[in-house]
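As given, the protein sequences belong to chains A and B, one line each in that order.
All residue numbers in the first sequence are consecutive under my numbering, ending with 288.
All residue numbers in the second sequence are consecutive under my numbering, ending with 558.
Just so you know, these hints were derived from the structure itself, not from any lab.
Bear in mind the structure is a predicted one, so any value in this text is a computation, not a measurement.
Using N, Cα and C, we set each Cβ at its ideal position, and we do this for glycine too.
Don't take every hint at face value.
Each computed DSS-like pair below joins lysine-lysine, with the alpha-carbon atoms no more than 25 Å apart [stated by the list, open to error]:
(1) B:Lys527 <-> A:Lys201
(2) B:Lys432 <-> A:Lys201
(3) B:Lys506 <-> B:Lys324
(4) A:Lys201 <-> A:Lys175
(5) B:Lys324 <-> B:Lys418
(6) A:Lys175 <-> A:Lys216
(7) A:Lys201 <-> B:Lys377
(8) A:Lys67 <-> A:Lys81
(9) B:Lys506 <-> B:Lys527
Pulled from the structure, derived: some chain A residues nowhere near chain B, Cβ distances all over 10 Å [stated by the list, open to error]:
(10) Ser4
(11) Leu47
(12) Val123
(13) Ser148
(14) Val155
(15) Lys201
(16) Met284
Just a few of them, taken from the derived set where beta-carbon distance is under 8 Å, the chain B residues facing chain A [claimed, not checked]:
(17) Ala354
(18) Leu356
(19) Arg378
(20) Tyr380
(21) Tyr382
(22) Ala386
(23) Gly388
(24) Pro391
(25) Trp392
(26) Leu401
(27) Pro402
(28) Ile405
(29) Arg410
(30) Phe429
(31) Phe433
(32) Leu437
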Amino acid sequence: MLRSLVPVLTVVAAIVGLWYLAAIWMNATWVYDQAAREGREVMLVDLVTETLHQERPVLPAPHQVAKGLYDGFFGQKVTSKRSLVYHGWVTLSATLLGFVMGSGLGILLAVGIVYNRAMDMSVMPWAIASQTIPILAIAPMIIVVLNSMGVQGIVPKAIISAYLSFFPVVVGMVKGLRAPDGMQLDLLRTYNASAVQTFAKLRLPSSMPYLFASLKVGVAASLVGTIVGELPTGAVAGLGSRLLSGSYYGQTVQIWAALFAAALLAASLVAIIGLAERVVLQRMGLVR
Amino acid sequence: MRGWMKDRAENAGPVVEARGLDLVFQTADGPVQALKDVNLTIDKGDFVSFIGPSGCGKTTFLRCIAALEHPTGGSLTVNGMTPDEARRKRAYGYVFQAAGLYPWRTIAGNIRLPLEIMGFARDEQDRRVKDVLQLVDLEGFGGKFPWQLSGGMQQRASIARALAFDADILLMDEPFGALDEIVRDRLNEELLKLWARTGKTIGFVTHSIPEAVYLSTKIVVMSPRPGRITDVIESSLPKERPLDIRDSRAFIEIAHRVREGLRAGHGDEM
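Working from the sequences, and respecting the hints, build out all of it.
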């Protein structure tokens, strides 16, 4: 644990250092403009302090983002419209619903593809085509169409989220369900096993490592889908709306804080699936 | 010992009967004759080895008996039924070259697999798993996962899996082919004991002459392109076979005849 801590911290320190340098460099123009207007010289010390403490910097410094995050999480009641906990929960709930819908659909499609020749020939091209359409283009249409049908709130966002997350699950599960080799299938044939038994006793357990790998990709895609789905809703709530309103009003710190909140959320979701993977595969004896 | 002698006397009908069996595979490069005019009778309690170079159709013939391949000509019966009917009646246990144990099941869980599929009651499953683990000398390993066992032990577990249900035919496709010679010798000795104790009819594919002669009551010599039987040798060796029987005169004579048969099969082709 300690051995891996040192290199990890070194990399983090390097990134933070580069970030500070970039912040000074990118925010310097504004400092020079201000100084020229006031007719004063800019010393190096002034440059550093002024570039790192602007209210609307081009690139906020790490400590500003950290403060934005801290204020967002702990600065007010979690029900406040300024709270990242509130917006994070709005995004998370739609993400989870979309993820469950998307993974469920992905697994069902994969089973269909493996067991039905017509689906095998026809579904995959459509699934691939669906992912080549920019989600940014299709998201507003889904919102508008569903809204005209009277569906509002969490469901339209969850559908966009599911739209992104079903694909990795389909691909992974098809591969996983087809993982058993001819010999293992022959063995079940000699037992005269039914198709359901072959699925439950061989194909499904074989697919578990593949399933978890694709669920990790899927949950991250779900979060992206939800955030994209929040953009055209008129910036009501959610991390996506925080990003949008931040960019409307030039609140770069707010944008970056929302970005980091989203990244933290994605990392936690992936970590939770990783944990479930460890537990399940260990109980199956697939991890030594 | 008592078991198989009695059974053999009572049940005169052949277990496997092949008459003029042909099998042609349609491949991208045109038809390939895998089996040509194969005639063979296997009686109850026989230990039949199939020996020959690769491509001679020995595995294919075994797979025909198991209804994993379908002959394109001739007739084949298993216990008086078509191979497919026999498969549906679970007439045989099949042991593949690789143990093919499920890595996510324990040894006991793997042996339980056919029993679960065939719908045995839970306590009956437990009893049978215990019995066959004892039969293949793996008591105490039921709770281990396959990767915790050596290759020889894994193969023994896969034999136990094939023995767990009541098939009286055991089909084995080079089961010890991937194991080293010392382990192989021991497993061969154990297999003979197991055969004597259970009275099963065994079909055994191998490409080792000593293995075939040591194990079999009947040795079927095959040759390739097209796969066919060139010689069927009834062994004159006694049922009790200690490992040192391989130095006896009778053993060496049979081995010689097998080698001659293999060479003759190759000669045609040249």
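Practice task
Would you list, in rising numerical order, the hints stated earlier that this structure does not obey?
Solution key: The structure breaks hints 1, 5, 15, 16, 29, 30, 32; every other hint is satisfied.
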